[in-house]
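Counting in this note's numbering, the sequence shown runs from 2 upward without gaps.
Hints listed in this document are in silico derivations from the structure and should not be mistaken for laboratory results. None of the hints are false.
Here are the simulated PhoX-like cross-link-like pairs (lysine-lysine), alpha carbons at most 20 angstroms apart as the crow flies:
#1 Lys548 <-> Lys583
#2 Lys377 <-> Lys153
#3 Lys548 <-> Lys537
#4 Lys548 <-> Lys525
#5 Lys377 <-> Lys102
#6 Lys537 <-> Lys525
Now the in silico label distances, taken between C-beta atoms and shown as ranges:
#7 Phe142 <-> Gln453: 52 to 60 angstroms
#8 Val16 <-> Thr111: 33 to 41 angstroms
#9 Glu565 <-> Ser496: 51 to 59 angstroms
#10 Glu115 <-> Glu565: 37 to 45 angstroms
#11 Phe142 <-> Pro77: 23 to 31 angstroms
#12 Ser121 <-> Phe83: 53 to 61 angstroms
#13 Lys537 <-> Ser91: 36 to 44 angstroms
#14 Ser522 <-> Gln453: 46 to 54 angstroms
#15 Phe83 <-> Glu631: 44 to 52 angstroms
#16 Arg47 <-> Ala92: 44 to 52 angstroms
#17 Glu565 <-> Arg431: 32 to 40 angstroms
Glycine included, every Cβ here is placed at the ideal spot set by N, Cα and C.
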Amino acid sequence: MVLYTSPFPNRFLSVLHSFSWGLIFPCYWLADRLVGSFVPTTYEKRQRADDPCYFHALCIIITTPIYLALLVASLPFALIGFLLWSPLQSARRPYIYSRLKDKSHANGATLLTEWKAAGSGKSFCFGSANVCLLPDSLARFNNVFNTQARAKEIGRRIRNGASRPQIKIYIDSPTNTSISAASFSSLVSPQAGDNRTVNAGIKRTTSMEYKGDNCGSNNGEENREDKGGSGDPHEGEENTCIVRINGEENGHMSDTETDTGNGQARASGPAEPPLEGDAEISKTPNHKQKEGDSGSLDSCSASRESLVKVRVGDGTVDQSTVNNKLLYKASIMKKTSVRKKKHTDETFDHEISAFFPANLDFLCLQEVFDKRAAEKLKEQLHHYFEYIVYDVGVYSCHSCCSFKFVNSGLLFASRYPVMDAAYHCYPNGRGMDSLASKGALFLKVQVGSTPQDQRIVGYISCTHLQAIAGDTTVRCEQLDMLQDWLSEFRKSTSSSSTANPEELVAFDVLCGDLNFDNCSSEDKLEQQHSLFTHYKDPCRVGPGDDKPWAIGTLLDPEGLYDEEVCTPDNLQKVLESEEGRKGYLVYPTSKNHSSSQKGRKASLKGNGRRIDYMLYTEEGLYLEWKVEVEEFSFITQLAGLTDHLPVAMRLMVSTGEDDP
2 MVLYTSPFPN
12 RFLSVLHSFS
22 WGLIFPCYWL
32 ADRLVGSFVP
42 TTYEKRQRAD
52 DPCYFHALCI
62 IITTPIYLAL
72 LVASLPFALI
82 GFLLWSPLQS
92 ARRPYIYSRL
102 KDKSHANGAT
112 LLTEWKAAGS
122 GKSFCFGSAN
132 VCLLPDSLAR
142 FNNVFNTQAR
152 AKEIGRRIRN
162 GASRPQIKIY
172 IDSPTNTSIS
182 AASFSSLVSP
192 QAGDNRTVNA
202 GIKRTTSMEY
212 KGDNCGSNNG
222 EENREDKGGS
232 GDPHEGEENT
242 CIVRINGEEN
252 GHMSDTETDT
262 GNGQARASGP
272 AEPPLEGDAE
282 ISKTPNHKQK
292 EGDSGSLDSC
302 SASRESLVKV
312 RVGDGTVDQS
322 TVNNKLLYKA
332 SIMKKTSVRK
342 KKHTDETFDH
352 EISAFFPANL
362 DFLCLQEVFD
372 KRAAEKLKEQ
382 LHHYFEYIVY
392 DVGVYSCHSC
402 CSFKFVNSGL
412 LFASRYPVMD
422 AAYHCYPNGR
432 GMDSLASKGA
442 LFLKVQVGST
452 PQDQRIVGYI
462 SCTHLQAIAG
472 DTTVRCEQLD
482 MLQDWLSEFR
492 KSTSSSSTAN
502 PEELVAFDVL
512 CGDLNFDNCS
522 SEDKLEQQHS
532 LFTHYKDPCR
542 VGPGDDKPWA
552 IGTLLDPEGL
562 YDEEVCTPDN
572 LQKVLESEEG
582 RKGYLVYPTS
592 KNHSSSQKGR
602 KASLKGNGRR
612 IDYMLYTEEG
622 LYLEWKVEVE
632 EFSFITQLAG
642 LTDHLPVAMR
652 LMVSTGEDDP
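Throw the hints in and build the complete structure from the sequences for me.
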């Protein structure tokens, strides 16, 4: 299948489309500004609290006539542009495929070789988020604003979180896992081209080893070290910092400091200053980061829970000091204990994290409706993801029964090459949702190859269902269509047969904003849909019952700018407590409770409305391989930028080749 790298099949149609949109845009922009001036966010209201009451009214009185006059003047041009734009949409392609042009930063081909070296298997990390990048006037109804600046900041935060090293702490003491003197707590972004050699180690108690050196971004082969013959059991883990802690008396560590080649890391003390360079701060007020904001690109502090995976070792591991090229600096701050997994019966790790997972492989976004914002977001994401599919959907009356003013809002980013892509539009949208070409995006990616040169592939699907409350029947119909389209895409893109498999399927993942939760009484039909018999939800026990650690992903818009939750660290701390969740998450609807959520202390079912899903299936995969969830995260790094919590899941594909 040919991937579409431009929206139209020839340059003439592209130029004609650009001309028509150029006639429409002034009218669109003025209307957006005019409506937006009458819909203030809670942040703007607080900013104006100290201003005289007449000041804002005076601004409205002055600017409204100007906007109206210009809007009326631009209407004739917009009408002409619309008459050209609308018929052109019948020739428009359903998506745009973008590949990083700078080959020096491309590493997709290099990643494909890692599967052969992985031996017993490989893990893949998937992320999904609703980023609410609508036209500014519409975004304000969700209490967010300045869509263009938010798009850029969202992209910066995602790549900042994904490109940090993956830190793991191994406790060598089998009886005591406490760390009283030090634990890892922060990472800052690298400065481009800053290759520093560091002798890492914490005297007498710890040793640090950075495995892999590609920064998680597109750095190519130049930063990859030859690891052959090392015999390290963690050799296959890319971009990982492993911290080994040898137990001392009472299981405590002594306060130490480590001298490095270019600085010092202390066991207790202030964090290091941020790196310069890639540190442009958003000019939008609600995106300014306070000191200690781990979501900021230049943050020096991040909670230990966000960066550390705790494992308990069974025996003593020799300490070693390894010289590696580092593109990151780490600071160590005093913490009282290592966070333990609360539900020990769970087979995988789960947490509320202030960062996107390190080494994020695939990202699915929803509500990237604004085309200018999509371009800004794409530019930022290309610093980490080599392959991006964006501007997904149809416009006008093309292929759908109702007129579509905006696209589907879906965007997909990948570190691995995309082989095939397909999009389908839901034809049964109602109300405001019918104006958008909501649908499903299906992708096939290559993630490796076997020693016999068989391709190893994976399938990823991203969707966004009907949003209007009470439209249960519509959503169920869309889930039915989604299953049919999934099956069709698998059949149409498969080049294998049972007798002669040319491809081995490693995973099949479905994610997106499904706009129903697993606890609301009004969503019972969706909860019992047959989709959940084919795809597994790591957060779900059964219809109407979530696992105790699962939390809602829909934030209360009124509280987005409260000081308690306006930064990733603060939001993370709030969501870790039951009372905090009651104050800042939207909870499942119930006939016995009112719709007001703010500050309510009554007993509520579940831990909030979880409408953003990450599902996987074992059906249709290579029979000799096993797929298991390695970790699941609810992410707060986009605090203040969207009214949804992103989710992430890491899958381990085990081949069993090296099993005893």
